[in-house]
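The whole structure should be built from the sequences, with the hints applied where relevant.
Quick note, the sequences are listed as chains A and B, same order.
Our numbering puts the first sequence at residues 1 to 197.
Our numbering puts the second sequence at residues 1 to 197.
Among these hints, one or two may not hold up.
Some, not all, of what chain A presents toward chain B, calculated at C-beta under 8 Å [what the hints assert, rightly or not]:
| # | residue |
| --- | --- |
| 1 | Ala11 |
| 2 | Val13 |
| 3 | Gln21 |
| 4 | Ala38 |
| 5 | Ala45 |
| 6 | Gly62 |
| 7 | Val65 |
| 8 | Lys66 |
| 9 | Leu69 |
| 10 | Ile76 |
| 11 | Gln111 |
| 12 | His147 |
| 13 | Tyr180 |
| 14 | Glu186 |
None of these hints come from the bench; they were simulated from the model.
Quick caveat, the model's predicted, so the values are computed rather than measured.
Every residue gets a Cβ at the ideal spot worked out from N, C-alpha and C, and that includes glycine.
Number of protein chains: 2
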Amino acid sequence: MTEDRLSRQIAFVLELDALKQVLRQTLLLADRRQENDAEHSWHIAMMALLLAEHAAEPVDVGRVVKMLLIHDIVEIDAGDTFIYDEAGHADKEAREQAAADRLFGLLPADQGAELRALWDEFEARATPEARFAASIDRLQPLLHNVHTEGAAWRRHGVTADRVLARNAMIGDGAPVLWDYARRLIEQATDAGHLPLK
Amino acid sequence: MTEDRLSRQIAFVLELDALKQVLRQTLLLADRRQENDAEHSWHIAMMALLLAEHAAEPVDVGRVVKMLLIHDIVEIDAGDTFIYDEAGHADKEAREQAAADRLFGLLPADQGAELRALWDEFEARATPEARFAASIDRLQPLLHNVHTEGAAWRRHGVTADRVLARNAMIGDGAPVLWDYARRLIEQATDAGHLPLK
Numbered sequence: 001m002t003e004d005r006l007s008r009q010i011a012f013v014l015e016l017d018a019l020k021q022v023l024r025q026t027l028l029l030a031d032r033r034q035e036n037d038a039e040h041s042w043h044i045a046m047m048a049l050l051l052a053e054h055a056a057e058p059v060d061v062g063r064v065v066k067m068l069l070i071h072d073i074v075e076i077d078a079g080d081t082f083i084y085d086e087a088g089h090a091d092k093e094a095r096e097q098a099a100a101d102r103l104f105g106l107l108p109a110d111q112g113a114e115l116r117a118l119w120d121e122f123e124a125r126a127t128p129e130a131r132f133a134a135s136i137d138r139l140q141p142l143l144h145n146v147h148t149e150g151a152a153w154r155r156h157g158v159t160a161d162r163v164l165a166r167n168a169m170i171g172d173g174a175p176v177l178w179d180y181a182r183r184l185i186e187q188a189t190d191a192g193h194l195p196l197k
Numbered sequence: 001m002t003e004d005r006l007s008r009q010i011a012f013v014l015e016l017d018a019l020k021q022v023l024r025q026t027l028l029l030a031d032r033r034q035e036n037d038a039e040h041s042w043h044i045a046m047m048a049l050l051l052a053e054h055a056a057e058p059v060d061v062g063r064v065v066k067m068l069l070i071h072d073i074v075e076i077d078a079g080d081t082f083i084y085d086e087a088g089h090a091d092k093e094a095r096e097q098a099a100a101d102r103l104f105g106l107l108p109a110d111q112g113a114e115l116r117a118l119w120d121e122f123e124a125r126a127t128p129e130a131r132f133a134a135s136i137d138r139l140q141p142l143l144h145n146v147h148t149e150g151a152a153w154r155r156h157g158v159t160a161d162r163v164l165a166r167n168a169m170i171g172d173g174a175p176v177l178w179d180y181a182r183r184l185i186e187q188a189t190d191a192g193h194l195p196l197k
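What follows is the structure, encoded as structure tokens:
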């Protein structure tokens, strides 16, 4: 271990603080302020630990947790793109790739490469771990929306058909959780918190 | 899997949202607002992933991460006790034990028992994983203090002798990180950000 290795690790650790300032459209249940990416990342890492038994295929939970802890780090540079923001999604990939180059590049090369590979795996959704991680990443904001009377949906004029379309991938990683989520979406429309279209 | 099992898991997931509102004395590096426990938990889980090679003994990093993700959940009920608040520490254990009973009791019994055992292990600091987790939990606020010109230390009139005494346990779990931290503490006193006593 060289001094330089530890210095690079600590520089990255200090940079991570900025994720606490990247705001999302999700509102907290209690005081309804906007959630930030660090809070979201912690919450979904906990959800993965608690809900792993519902994954479509057996998963290495430790890898899922690690993936979820790092999955939004690129948003320190690229910002959060709201799931229903179609214009924002047009250049999302380019912004996030540049962010990954800079941010993971702060680390010692072996660690930077390891985190980059894990983030690429998450983005590609081609492994059971990545699919389950994506399910959890989608389920958490949906839970928050349902339990705040659809606050973020209503603020952005989102309708049930779009919620169903954008979240159907929950079923790829965790069919039981998608069944559960669909019932919540139905209840939200019945309660008048989410217009049908 | 019964409906009731999933309902209990989701009830706990929703309860976790409250950790985002438990404020700590640590200030963020950028805008210097107070950090909350969810942000802190995410940050130290990342630090454990990045700094595991500096642990005093080989550790199962996945277990360390899990321990750090859950270690502050009891503060949803018990609140955060500032490390230099000696009065607050007098009844901290009783408050936190009651909180653990209620919060982990929300989960299905097997999962509640597993998380409770992991939290007990963290608190006891008797395993390599728990000692390394404790080192990381102490190092993060120290880094924030150093990189905000000692803001939280100065606000509470904390002196270098107390910082050294309360953080020496970093050396039990990660001697290399304690050497590093001691140099930072020295630099902070030299810069006038931390009075000697």
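Do the hints match the structure? See the list:
| no. | hint | result |
| --- | --- | --- |
| 1 | Ala11 | 11 Å, violated |
| 2 | Val13 | 6 Å, holds |
| 3 | Gln21 | 6 Å, holds |
| 4 | Ala38 | 4 Å, holds |
| 5 | Ala45 | 6 Å, holds |
| 6 | Gly62 | 4 Å, holds |
| 7 | Val65 | 6 Å, holds |
| 8 | Lys66 | 6 Å, holds |
| 9 | Leu69 | 6 Å, holds |
| 10 | Ile76 | 11 Å, violated |
| 11 | Gln111 | 7 Å, holds |
| 12 | His147 | 6 Å, holds |
| 13 | Tyr180 | 6 Å, holds |
| 14 | Glu186 | 16 Å, violated |
In summary, the structure is inconsistent with hints 1, 10 and 14 from the numbered list given earlier, while agreeing with the others.
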